[in-house]
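**Student:** These protein sequence lines are chains A and B, in that order. Sequential numbering from 1 applies to the first sequence in our numbering. Sequential numbering from 295 applies to the second sequence in our numbering.
Treat the hints with caution; some may be incorrect.
Residues on chain A that point at chain B, a partial pick, calculated with CB under 8 Å [as the list claims (entries may be wrong)]:
#1 19
#2 113
#3 132
#4 239
#5 254
Lysine-lysine pairs mimicking DSS-like chemistry, simulated, CA-CA at most 30 Å apart [as the list claims (entries may be wrong)]:
#6 523/B to 229/A
#7 104/A to 559/B
#8 265/A to 104/A
Calculated from the structure, these hints are not laboratory results. Remember, it's a predicted structure, so these values are computed and weren't measured experimentally. Beta carbons: idealized from backbone N, C-alpha and C, even for Gly.
Protein chains: 2
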Amino acid sequence: MIRAAVVSYGNIGRAAVEAIGASPDFELAGVVSRSAECGMRGNFRFVRSIDELSGVQAAILCGPSVHIPEIAEEILKKGISTVDCFDIHGEVFGLFERLDAAAKKGGCACVTAVGFDPGLDSAVRALFEAAAPGGLTYTDFGPGMSMGHTVAVKAVSGVSDALSVTIPAGAGVHRRMVYVVIEDGADFDEIAKKIKNDPYFVKDETVVARVPAIEPLKDMGHGARITRKGVSGTTHNQRLCFEMSINNPALTAQMMISAARAVLKRPPGAYTILHLPVIDMLPGPQEELIRRLV
Amino acid sequence: MIRAAVVSYGNIGRAAVEAIGASPDFELAGVVSRSAECGMRGNFRFVRSIDELSGVQAAILCGPSVHIPEIAEEILKKGISTVDCFDIHGEVFGLFERLDAAAKKGGCACVTAVGFDPGLDSAVRALFEAAAPGGLTYTDFGPGMSMGHTVAVKAVSGVSDALSVTIPAGAGVHRRMVYVVIEDGADFDEIAKKIKNDPYFVKDETVVARVPAIEPLKDMGHGARITRKGVSGTTHNQRLCFEMSINNPALTAQMMISAARAVLKRPPGAYTILHLPVIDMLPGPQEELIRRLV
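Start from the sequences, fold in the hints, and give me the full structure.
**Tutor:** Listed below in structure tokens is the structure:
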């Protein structure tokens, strides 16, 4: 059994607890949370620090991306392997290098940026290039909530609550549907203009709508479509397409649990999903997996 | 540069020569063929035996599945790594075990069953299970030619030429469209009945049509659709779909070249595509691949 701790208990953390419970080869050591009340809840334990849990082999880091580098480094140095869902694309390589040093120092392994995208999508993009090295890949997201864009809207003065939904417009272009609750006396037109000029939105078609409340609009469903039209050898027009419609926190958490299985089999250091043999991400004997899946 | 030999020069062998030519990090040592005329042709060399070629690191085995076990074993024992497109699903694990012993004896590595399906499809099926471990996966093939079914029809007495095309009917069910040229005086109804009762066809809806010639009907295009509706953690209705429409020999050959890149980085032994980290299948520095694909 792989003994894993869940670190941070938001939507993804809750889904990680469920995914551990549903995995035949995992057991939950406990949940590390700075805000939840400590002690037993149901059949698992909440603690303030991972040091309070015994025999943890893998820490599943479910907190927001901004906190992941520091938390991962700290846990890796204790000799506990980590899996995280860091999702700031431009910063993945820097984090990978930083965590590689920490993991080697701790004598353990980590896999970074494992979720929906980066994560499953990254593996599909790489596989598509292996099949057709020439050509173009487009990743279209949605429809679904974008956390980064939502946070950017909430920061606009006069906005009391917000939700930004990503709508795929094809070939990697997206429309943003922004729903806002505005403060009494605030100027909606002024707010809409500010949002459209925000760096997060300025390059995309953006529609801003005023709503009385955000909570009733929330839905964790999300989607992605990856298409590649490319060249295998010298043969053009090879067409590959991947599409998913999923509950985002559940997919992210499951990918992290599957990746944890694989990373515990690797030598010390940092990995991305591209480095993990997919057979190591699945439970069960190799013979059965080869017979069933190859 | 990876120095590779192409073994067997049919449709897949030709595509493998093209894929090697199109790869920045490969060079063609030559083509091993029992039937082609020996000597230089264009800018590459045809030989009878791989022993006539120098410095070969990887042999790309493009011959029919029935000959692969023997050829692969023989080449592995010489210390040359192999990649093959063996495609008899039920026999992959047995071959994997047999080649594992041969590769370890030769101090080299091999990857077996790398093509369209088994191959790219296998990797997708495994990745889908990592994302949603509960549920069902269906693989639908076509429309495209089936070599195995075509050979079975050609063996029916009274048939002088044939082509079997696979039509996807959904959820892993297929219809077979069989085109036959019959010998003078042969009874078409009798032949059609025999084909429909053949073990290759008896379980599928099969339509047999008489045509004057097969050659004009041939088209190397093929397709596949893999769908999984499954459970991530405890969350149901996670939907994943992969679809491709491709030239089959070109895709198969390209997958073998990409896999050759990866297998040369592994310790001696046998591998399947499920064992290969996808990052090792792609050319170029790790940093660039992580920045672009993760």
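**Student:** All hints, please: hold or fail.
**Tutor:** Here is how each hint holds up against the structure:
1. 19: OK, holds: residue 19/A within 8 Å of chain B, min 4 Å.
2. 113: holds (6 Å)
3. 132: For residue 132/A, the interface hint holds, since the closest Cβ of chain B sits about 7 Å away, which is under 8 Å.
4. 239: Status holds, d = 5 Å.
5. 254: Where the cut-off is 8 Å and the nearest Cβ of chain B is about 4 Å from residue 254/A, the hint holds.
6. 523/B to 229/A: Holds - the C-alpha atoms of residue 229/A and residue 523/B are around 25 Å apart, at most 30 Å.
7. 104/A to 559/B: holds (21 Å)
8. 265/A to 104/A: Since the Cα atoms of residue 265/A and residue 104/A sit roughly 14 Å apart, the hinted pair holds (cutoff 30 Å).
This entry satisfies every hint, going by the numbered hints stated previously.
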